[in-house]
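Residues per chain are reported as follows:
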Amino acid sequence: MATISIRDLVVEYDGRRVLDGLNLDIASGETMVLLGGSGSGKSTLLRQILGLERPKSGSIVVKGVDITKCSPSELRKVRHSIGAAFQSAALFNSLTIEENVALPLREHTVLAPSVIDLMVWMKLAVVGLADFGNLHPQELSGGMKKRGAVARALSLDPEILILDEPSAGLDPIVAAELDELILLLRQTFQMTVIVVTHEMASAFRIADRIAMLYQGSFISVGTKEEVKTSRDPRVRRFLDRVPASMDNPATIATYFHEYLGRKEAFQ
Amino acid sequence: MATILENVGRKTIEQLDYVGTVNIQLWSTLRAMKTAFPVVGNRYRWRATVRQILQIGYDALPMISLMAVSTGFILAMQGASELRRFGALHYVIDLVAVGFTRELGPLLTAIAVSGRSGSAFAAEIATMKVTEELDSLRVMAFEPIEFVLAPKYLAALISVPCLTVVSNVFGIVAGGLFMFLSTGLAPGLYFRYVLASIALRDVIMGLFKALAFATIIAHIGAIEGFRVRGGPDAVGRATTSAVVKSTFLVIVADAIFTTIFFFFGVH
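Protein chains in written order, with this note's numbering: chain A, 1 to 267; chain B, 1 to 267.
Hints in this document: simulated from the structure, not taken from any laboratory.
Careful, some of the hints might be misleading.
Stated by the list, open to error - The calculated lysine-lysine pairs, modelled on DSSO-like cross-linking and capped at a C-alpha distance of 30 Å, are: (1) K56/A / K11/B; (2) K34/B / K77/A; (3) K56/A / K69/A; (4) K69/A / K34/B.
It should be emphasised that the depicted structure is a prediction, and the values quoted were computed from it without experimental measurement.
When you get a sec, could you build the whole thing from the sequences and use the hints?
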């Protein structure tokens, strides 16, 4: 049975359809990468999976609970089994990294402070920040912040780990380190991992399956090899890095001629 | 004509939505506030309340004291210039004492707190919104109202009345200083007259207003922060809007309370 099951998901903002009838199953222990260009709906889909927004129609069942229709208390219970690291890391600047990681443990468990300290140290050690726990987020580099956010997402040992653009804005070496960290986490903790990215190298390194979004719809869902060998022109354009506006130079030339003509007529 | 009606309708719905949201926020905060109390509340959360009390109350003491001294002095001088003509200079004592305890103390304090802390609430919450910290709280199964707003509101409910008492004392002391300098009235005698001119209900009325003003400042600051959409520029707009709206509403609420007290004979 799938850990996350999305059925006929439709999301609209002010009448504009952002996600158009999405269907996707994510199995337990699977690493699913949501790939797509800017504005394709990746982050919107992520917010839906996290229960941060309600869709226009459709359902998202997480561990047997339809989070689009459940009560707030049921949603809170589901969220205890989800860890998420946002694109901006979203660490609390008033707290140290240790305190950020300790926060869910302090609030949601009755563990003794000494046990919490030990668990925090372990989570920070997993992401390579054991020596930086007493620093505040603003004292860390971009890559360290993202790793701190992953450590906080891991604090309650979630079954599902969701990462939004983990390697965006990072240099290739730090991005590769994060990829290895994701693989390590999946192998060690057997987590279901969902990663939203538009970095293809990262996607092909970490994914079991890839779901590619284009204008709010999935245009390809399959294994890395299936996506790599896809003949869909929209997938190929993304994979081969073909600029969308250059696929028809004649259209652009016509546009410029018309524009210049209008300008001359006006003068 | 239809466009005008549409605009009026849209604006009305927006305003009703705003009022409704503030009401829901207020009741949710009151329900969540038990966690922000010292000893009986959440052992980590009440520290945030204490920190907020220091920021809203203790840090504002010099500013509010100076404002109260200046206003007390101005009120005494302006009152004296008129009352002297009728040989009623001793009524300056009543003017300053009653004026401050019932009206100027709570109002001056509220305007100062609105500028200092209302803006800070809006800026902090808006920044948390644009940096996804509020989303991150929700995903960790925390309610932002309980986590962010409850300690601020409780701190405002404690700090604003305390600051009001300080403002009253400094305003009245300034009146005494003026009377000593202009008429040589002994401070001991001045304070005996002050105690004779104010009743307990004056102080209670002032403190009741202070509680209402604290509610307005905390909740308008918070809602402006929570409703932010966009980037850093939206944070600036939210901050300005919080100060403008809360100052305006504090004055309107003051007028309503004073009218009620006047017509129900509580004066």
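The hints, checked one at a time:
Of the pairs offered as hints, the one joining K56/A and K11/B holds, with about 25 Å between alpha carbons and a cut-off of 30 Å not exceeded. At most 30 Å may separate the alpha-carbon atoms for a hinted pair to count; K34/B and K77/A meet this at roughly 22 Å. Among the hinted pairs, K56/A with K69/A is consistent with the structure: their alpha-carbon atoms are about 11 Å apart, no more than 30 Å. Between the alpha carbons of K69/A and K34/B the distance comes to roughly 29 Å, so the proposed pair stays at or under 30 Å and holds.
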